[in-house]
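Protein chains in written order, with the working numbering: chain A, 24 to 184; chain B, 167 to 607.
Treat the hints with care, since some could be wrong.
[To be verified] As a list, the in silico DSSO-like pairs of lysine-lysine whose alpha-carbon atoms are at most 30 angstroms apart: (1) B:K564 / A:K38; (2) B:K204 / B:K598; (3) B:K564 / A:K135; (4) B:K362 / A:K61.
These are calculated hints, taken from the structure and not from any lab test.
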Amino acid sequence: MLATATNVLRIHPEKCTGCLRCELACSYMQTGTFHPAKSVIRVSPFEGHTSYAPYTCTQCAEGWCMTACPVGAITINAAGAKDVLDDTCVGCKLCTIACPYGTMFYDPDTRKAFKCNLCGGAPACAEACPTAAITYEGTATEDWLGEFARVRSARVLAGVR
Amino acid sequence: MATRHVVIGGGTAGMNAIRTIREEEAARSEITLVSAEKPYSRMVLPYYLDRSIAESHVFTATPRVLADWGVKAHLGRRVTALDAKANACTLDDGTTLEYDDCLIATGSSAVRAPVPGADGRGVHSFWTLDEARAVLAEIARGSHVVMVGAGFIAFTILNSILALGAKLTIVEMEPRILPRMIDDAGATLVEGWLAKHGVAIRTGARLATIEDAKGRKRLRFAAGGDIVCDVVIMATGIKTNLEWLKGSGVTINRGVLVDDHLRSSVPNVYAAGDIAEGRDLITGEPAVHAIEPTAQEHGRVAGANMAGKDVRYRGSLIINIVEVCHLDVASFGAWDEAKAEAASGVKPDRPAYRKLLWRGDRLTGAIILGPSSDIWTTNDVGMLKGLVQSGVSLARFKAYLKRNPFDIKPAFIASKTTSALLPETILGRPSKAPGNTPVAV
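Could you build the full structure based on these sequences and the hints that come with them?
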C-alpha cells in the first residue's frame, strides 16, 4: 500500500503468532542491531503465553510526549509520526511519564528518549510480519488490542478476587 | 475579541500560551511579553549543570523567534503592579501596558531555610539560570557539596553534581527524603540505593547556622556534628510569586484562583502554571501544581481561550519523575492519600517498588521505583499515568493488580484504556509540532 501521511500501524492481534520478527526488524531499523530489548514494538503474551499481540505507539492526536517535551525535541515527521530529535533531547524523561500509553522508551546508554517513528513511512515491523498481523494502512487509529485482550483475560483472572 | 494580549512571565506557561494564541487566533493580534528573564526551560538546567548541553540549549525562544512570532518583548523587566479595573499593568521601568486580556504566569522562586548565613558567599539556590551558572562556576572535581533539602528539586541535580566529580552530602530536616513525592517505604529504598552509590544522607537534621570556615563553609546543626564543605545548595522549597498582585483586584488563595478556562476572578485576566490554583484532576479541588506538565497544559488552554476559543480544562494531574544513579523514581495523582485503599509490592532481588492507590475499582494514584535500565519500568511509568489519567474501571483487574503490582500491561490493555485515552486532547484538536507554529497569520 502506498504510504500517506495518515497511515497508521494497524494491529490484527488474532493473526500474531508470537514470532517476534517485528521486534527484531524494529530494533535493526532503529539501532542497527538485532536487539529486541531496543525495539519500540513489543509483543505481549496473553492467556499464559497461548496467544500474543504486538503493542506500540498509536501516534495519538494529543501527542502527550511531544507537548510535554520542554525543549521541543519531539516533532511530527513526514509520515505523521511523533519523532524524537536526538540532538535536542536532553534525556529528562518527562515524555516517559507524560505518555499515558507507556510507549516511550529511554536508552540509558545514549541518555535519550526514543519511540516509534513509523520508520519515517516504511515501518520495518509491518514489512517483517509473516502473517500480516501488523499492516500499515490509511485508517484512523484505534484500540486494536483491547477487546482481544479482554476476552483472553479469563485465565489470568480465574480465582482472582 | 481581544486584540491586545499581555503575557506576564516567559516560562513554560507563558511561552505555551503565546504559541497557542498564534495557532488558534482568527486574526492577527498584538502580543506583548514581559519577562524578567530570557525565556528558557528550567527542566533542562540539570543537563546544563552536568555540562552535557551548552547554555544556548536551554533557551525556549530567542529574540529572533519572538520577533518571528510577532511578539513585542520586554525582557529583563518585571511587572510591578496590575490594575485590573484599568486593564493595565506597570513595569519596573515605568512603562504602562494596556491590554484587552492578560495572562499572569510569573511562576515561583526558590526560598532558603531561615538560618543565619543562608544568604552568604558559597550558598546557592538552584532554580533560575543565573543560579545554575553560579553553582556551575563553583563546583570542581573533588568539591564537597552539601545540599540542604531532599525534595524533588534537589534530586533533579543529584546526578549532575556526581557527574561533575563532586562529593555529595544531603541534609534534610524531615525524618526522610522526598517527603512530598514518595512514601516511607519508597524513601527507605532510595536512601539505601543512594548510600550504595556514595551519597551521604543525614535526615532529621535541623540546620542551625552556615558559617565561613577558612574559605570553606561550615554547617552547624542543632544536634551537633558539623559538616565542612565547599559549596552549599539550598533546595528548601519554592514560593509562588504573588506579591506584585496585591491590590490588583484578582482573587488569590494559595495561588491565583482560576476556573476551568484558566480565568481568574477578573474575566479578562488569566493565570497559568505555578502561580495558578486550578482544578486537580483527581480530587476536583483547587490546587497549586508547580510542575512542568501543568504549566504547559495551563498555558495552552489559557492561550486558546485568549485567542477566542472555548476550551475547558479537565484539571491537572500531579506527575513527577526523577532518576538518581540509574534508579527511576516516579509518582502520580493522589499517591499520598492516607485514607485510600492501597496495595504495594517490592522485588526482593532488585530496587523495585510499586504502590497503587484506589477509589473503587479506579486507580487514583501510584508510586513506582525501578532500575532505569529495565524497559518495563519506563513503560509501566506511562501506563500507570494512563490508568490514573483516564480513570478507567479496572473491574476484576483491580484484584489482579493488587496481587501483581508489577504486571500492569495486561490490565491496561484488557481494560481498554487505549480506547478511553485516544479521543482525549487538551485543546480539542490534534496537537501541532513545536516547529509548526504559524509565524505570519
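- request: Output the numbers, in ascending order, of every earlier hint that fails for this structure.
  value: 3
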